[in-house]
Amino acid sequence: GAVVSQHPSWVICKSGTSVKIECRSLDFQATTMFWYRQFPKQSLMLMATSNEGSKATYEQGVEKDKFLINHASLTLSTLTVTSAHPEDSSFYICSFRDRQNNEQFFGPGTRLTVL
Amino acid sequence: AQSVAQPEDQVNVAEGNPLTVKCTYSVSGNPYLFWYVQYPNRGLQFLLKYITGDNLVKGSYGFEAEFNKSQTSFHLKKPSALVSDSALYFCAVRDPNSGTYKYIFGTGTRLKVLA
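These protein sequence lines are chains G and V, in that order.
Take the position in the first sequence, starting the count at 1, then add 260; the result is the number in the numbering used here.
Take the position in the second sequence, starting the count at 1, then add 1211; the result is the number in the numbering used here.
Only chain V is shown next, with the shape it has when bound in the complex (with noise of 0.2 Å):
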């Protein structure tokens, strides 16, 4: 069955500091791979996605995120996190051999960034 992890329900990070979340991923074939990210009461919002090409995909504000197909993981990436960044992340994954636009999503990630 297609599932998308985030193994860790928070992430804790000092500001100015590099963070990381994590996704990985089980679908079979080449998956499409996004991540978004959700303010309190607010729709998500697109950071990036990568669907092929160069395993390094860079999207919006500084957020990048690599692609690694030998370890199903798809994690995101800031060299220097902000207080602003605080937010609910979400990994999702779409199967384009599904025949369906689905995506299915992870369970999301709490990220803190202290000052």
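Looking at chain G on its own, in the form it has when it is part of the complex (with noise of 0.2 Å):
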């Protein structure tokens, strides 16, 4: 099946700091792709939806500004957490949607820990 990675799978840092989260497709081409964040023992709630080459469409009460949202490429997308705070920690997964046969494909996730 389909591969797509995140990187990193965890990251800590402080109240204040950007982080950045790459989304990889490995093995196939990707028009669009989608970011999520997930609450400990909570569902995915939508964040953003991005194709590629235009901006992304955010969801509503998601701080476009805060969370940055590029995708770069068919196999590359980045999620930056700009100014973060301990609110903001929460685990973050992106997926791509294979323009082959339109399925989504999630990675495997980023844990973010704000201090």
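In short, the hints are calculated from the structure, not lab data.
Warning: the hint list may mix true and false statements.
Stated by the list, open to error - With a straight-line Cα cutoff of 25 Å, these simulated DSS-like cross-link-like pairs (lysine-lysine) come out:
id, chain 1, residue 1, chain 2, residue 2
1, V, Lys1313, V, Lys1233
2, V, Lys1288, V, Lys1260
3, G, Lys315, G, Lys326
4, G, Lys324, V, Lys1233
5, G, Lys324, G, Lys280
6, V, Lys1269, G, Lys324
7, V, Lys1269, V, Lys1313
8, G, Lys326, G, Lys301
9, V, Lys1269, V, Lys1288
10, G, Lys280, V, Lys1280
11, V, Lys1233, V, Lys1288
12, G, Lys315, V, Lys1313
13, V, Lys1233, V, Lys1280
14, G, Lys280, G, Lys326
15, V, Lys1260, V, Lys1323
16, V, Lys1313, G, Lys280
17, V, Lys1313, G, Lys326
18, V, Lys1280, V, Lys1269
19, V, Lys1233, V, Lys1323
20, V, Lys1280, V, Lys1260
21, V, Lys1323, V, Lys1280
22, G, Lys301, V, Lys1288
23, V, Lys1313, V, Lys1260
24, V, Lys1323, V, Lys1288
25, G, Lys301, V, Lys1280
26, V, Lys1260, G, Lys301
Can you join these two chains into the complex? Each is in its own frame, and there are hints to help.
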């Protein structure tokens, strides 16, 4: 099956710093990708959708200036959490839509802890 | 509004017994339905999907699910549970007529298989 990688798998940072999370599709090309966050014992919450080469579309209540998404190519997307605060601590998961079959493939997730 | 419901937060089953994890949905038209499994601190792994055709769908690791349009349900089943099946299970739905590829996730059901 299709493989999606995320880096780093976990990160601890100080409040006020910025953190970048990379998401790559390793064996397929994706025109659309999604970023989710998941709080402990809760479901995935869609943060934003992005198409390669265009600006991301953010879900209601998600601050676009805080969560910067760059869909740089058909295989790479990054999420930057700017000026992170403890309430941003969460599990962030990306997914890519395979343009061949429209299925979503999920990355393994990144656990962000902001001190 | 589109929604997915997983009525049980947790399901306990003895090893070797059949298991069922319930999912109902509210989406107009003919939705695409998915089941994913999540192990601790990991991303989502695809189990199976229903797009069209036979209502009984077979997936990975011996899991299957039955699409029931009249009851708007897509329950996940396995004839004989293993301890290693213990994980968090998510049902998801996509509306193919929405113009997006967004998934709506249920709140998840924690499956605990007891030895």
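Cross-check of the supplied hints:
no.	hint	result
1	Lys1313(V) <-> Lys1233(V)	21 Å, holds
2	Lys1288(V) <-> Lys1260(V)	13 Å, holds
3	Lys315(G) <-> Lys326(G)	14 Å, holds
4	Lys324(G) <-> Lys1233(V)	35 Å, violated
5	Lys324(G) <-> Lys280(G)	14 Å, holds
6	Lys1269(V) <-> Lys324(G)	40 Å, violated
7	Lys1269(V) <-> Lys1313(V)	23 Å, holds
8	Lys326(G) <-> Lys301(G)	24 Å, holds
9	Lys1269(V) <-> Lys1288(V)	10 Å, holds
10	Lys280(G) <-> Lys1280(V)	43 Å, violated
11	Lys1233(V) <-> Lys1288(V)	9 Å, holds
12	Lys315(G) <-> Lys1313(V)	16 Å, holds
13	Lys1233(V) <-> Lys1280(V)	14 Å, holds
14	Lys280(G) <-> Lys326(G)	12 Å, holds
15	Lys1260(V) <-> Lys1323(V)	23 Å, holds
16	Lys1313(V) <-> Lys280(G)	23 Å, holds
17	Lys1313(V) <-> Lys326(G)	22 Å, holds
18	Lys1280(V) <-> Lys1269(V)	17 Å, holds
19	Lys1233(V) <-> Lys1323(V)	14 Å, holds
20	Lys1280(V) <-> Lys1260(V)	15 Å, holds
21	Lys1323(V) <-> Lys1280(V)	28 Å, violated
22	Lys301(G) <-> Lys1288(V)	22 Å, holds
23	Lys1313(V) <-> Lys1260(V)	15 Å, holds
24	Lys1323(V) <-> Lys1288(V)	14 Å, holds
25	Lys301(G) <-> Lys1280(V)	29 Å, violated
26	Lys1260(V) <-> Lys301(G)	24 Å, holds
The structure shown violates the earlier hints numbered 4, 6, 10, 21, 25.
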